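Q: Chains as they are written, first to last, in the numbering used here: chain A, 1 to 125; chain B, 1 to 108.
Honestly, the hints are just simulated from the structure, not real lab data.
As the structure is a prediction and not an experimental result, all values here were calculated from the model.
The beta carbon of each residue, even a glycine, is placed where N, CA and C say it ideally should be.
A portion of the hints provided could be inaccurate.
So the derived list for chain A, only partly shown, Cβ under 8 Å to chain B, looks like this [said to hold, decoys possible]:
no., residue
1, 35
2, 44
3, 45
4, 50
5, 61
6, 89
7, 107
8, 111
9, 112
10, 117
11, 118
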Amino acid sequence: QIQLVQSGAEVRGPGASVTVSCRASGYSFSNYAISWVRQAPGQDLEWLGWIKTYNGATNIAQKYQGRVTLTTETATSTAFMELTGLRPDDTAVYYCARENPYCSGTSCYVWLDPWGQGTLVTVSA
Amino acid sequence: SSELTQDPAVSVAVGQTVRITCQGDSLKNYYVSWYQQKPGQAPVAVIHGKSHRPSGTPDRFSGSGSGNTASLIITGAQAEDEADYYCESRDRNDNRVLFGGGTKLTVL
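Based on the provided sequences and hints, a complete structural model is requested.
A: See the structure below:
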């Protein structure tokens, strides 16, 4: 069974940092990139970035460059997302998701499946 | 504001057909995927590559589209289809992942 299991809820004060982990099982970890997405309470989905697990290459959304760091630990099939300089508006559920490449004819694209269960990060003084 | 635009809310009677749309320039050269999210749960893909159903997606879900518009169609909506639906695409220039603002589907 292919699944992503994330670490538990976190509470941090403003200015602190948080690291969320995402452990993969049921497939070869290095064959698929991982994307990170967040969702503030009652809001829509917002992409943070992705990491290619086989070489560590990353693509971070411009809004989060300098604050988000994505890493992996191949030995444990785990991806990590670190967010620094936390603010109250960073309060959100953070998701990891596997990037699935798919080619149909001459067109290739990527879709997200499965998703982790989500990690609630609360930023409060 | 999102680079993919969705109607905020749509409603449908049980058993009827509903279309949820997504518009954006990225759709001209990148296939759309659709995700269903129920309250308190993680999103789940229901359509990828514009019209492919992942295993487990009921066949009442289908996808279509052309140009800068894509649609998720539910034929014979059921009460359990009530959820938020998000479209997703990518910018081929910089490989950014783009999400629509989501459509809240109410099944009456």
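Q: Does residue 35 (chain A) hold up as a contact with chain B if the rule is Cβ-Cβ below 8 Å?
A: Interface hint status for residue 35 (chain A): holds (6 Å vs cutoff 8 Å).
Q: May I ask you to test the interface hint for residue 112 (chain A) with respect to chain B, counting a Cβ-Cβ separation under 8 Å as satisfied?
A: At 6 Å from the nearest chain B Cβ, residue 112 (chain A) passes the 8 Å test, so the hint holds.
Q: Could you check if residue 50 (chain A) really has its C-beta closer than 8 Å to a C-beta on chain B?
A: Holds, about 7 Å.
Q: Does residue 44 (chain A) pass the interface hint, meaning its C-beta sits closer than 8 Å to a C-beta of chain B?
A: This interface hint holds because 5 Å falls under the 8 Å limit.
Q: Less than 8 Å between beta-carbons is the criterion; does residue 45 (chain A) satisfy it with respect to chain B?
A: 4 Å, holds
Q: Does the CB of residue 89 (chain A) sit less than 8 Å away from some CB of chain B?
A: 17 Å, violated
Q: Given residue 107 (chain A) as an interface hint, is its Cβ closer than 8 Å to any Cβ of chain B?
A: With a minimum Cβ separation of about 7 Å from chain B (threshold 8 Å), the hint on residue 107 (chain A) holds.
Q: Is the interface hint satisfied for residue 117 (chain A)? The criterion is a beta-carbon contact with chain B at less than 8 Å.
A: 6 Å, holds
Q: With a cut-off of 8 Å on the beta carbons, see whether residue 61 (chain A) makes it to chain B.
A: 7 Å, holds
Q: Quick check on residue 118 (chain A) please, does its C-beta sit within 8 Å of some C-beta on chain B?
A: With a minimum Cβ separation of about 5 Å from chain B (threshold 8 Å), the hint on residue 118 (chain A) holds.
Q: Can we keep the residue 111 (chain A) interface hint, with Cβ of chain B closer than 8 Å?
A: OK, holds: residue 111 (chain A) within 8 Å of chain B, min 4 Å.
Going through the hint list in order, the structure does not satisfy hint 6, though it satisfies all others.
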